[in-house]
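Be aware that the sequence shown starts at -12, since it is given in my numbering, and climbs by one per residue.
These are calculated hints, taken from the structure and not from any lab test.
Watch out, some of these pointers could steer you wrong.
Derived DEER-like restraints, expressed as beta-carbon distance ranges [unchecked claim]:
id, residue 1, residue 2, range
1, A179, F22, 32 to 40 Å
2, S(-11), L211, 35 to 43 Å
3, V213, R30, 24 to 32 Å
4, P79, F185, 17 to 25 Å
5, G129, A2, 20 to 28 Å
6, H105, T0, 18 to 26 Å
These numbers were taken from a predicted model, which means no experiment stands behind them.
Each residue gets a CB set at the ideal place from its N, CA and C atoms; glycine is no exception.
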Amino acid sequence: MSPSTVSTASSNTLAFISDKFEWLYIFGASGFVVFVLALMFSRYGRIKLGPNDSEPEYSNLSWFAMLFTAGMGIGLVFYAVSEPVSHYLHPPTGPGGLDAGDSSGQVAQDAMNYTFFHWGLHPWAIYIVLGAALGYFSFRRGLPLRPASAFYPLLKDRIYGWPGAVVDILAVFGTLFGLATSLGIGGQQVGAGLNELFGIPNTTTTQVLIVCAITSIAVVSVMLGVDKGIR
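Please construct the entire structure, taking both the sequences and the accompanying hints into account.
This is how it looks when you write it as structure tokens:
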């Protein structure tokens, strides 16, 4: 209803969070990496996310392909090129930092460091924490496959009441905003490609149609299940 107002409000909120809590993002994400590595090499890393006699349903290669496609997707395709270039032209080191004219190569190195931080081990560690929690409580403890189930040690049976509903609703909105970003980037990227190859105008209408097409494919894929859809 009011795109400009929402854009201004979200931009101001992002600027505030980035300015005041960027240290929390960096140390938090790094903490997840340390945590999952400790989990993997400890005795807890040997716990199956299912009954003790269960066996893997997919090969490592097949499972990795599904995870990589669902976990990164269009974001990596877009940002693998645009992010290091953006950081090189506009270094995020702040006042007094190196500028893009530096001849030592340090700016380019920093640009790749930031990109790897965003798309390397750190995001996967965050995915693992959520995936392991959901997998453990659902397939090991027999709870519903809902984000609220991961809070069972804290909420107990209240995961079936309004506290659990609040957790699930927040998770849904978080997922929606994340998907909106990926779909928006994907719509613009596919639209630009169609314009370059076939001369189709890359208008808002074109991008909306592209988003609808991608969403339809994704919905059908999910409805068909892992074997016939996502895989």
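Here is how each hint holds up against the structure:
no., hint, result
1, A179 with F22: 32 to 40 Å, "holds, 39 Å"
2, S(-11) with L211: 35 to 43 Å, "holds, 38 Å"
3, V213 with R30: 24 to 32 Å, "holds, 29 Å"
4, P79 with F185: 17 to 25 Å, "violated, 36 Å"
5, G129 with A2: 20 to 28 Å, "violated, 44 Å"
6, H105 with T0: 18 to 26 Å, "holds, 20 Å"
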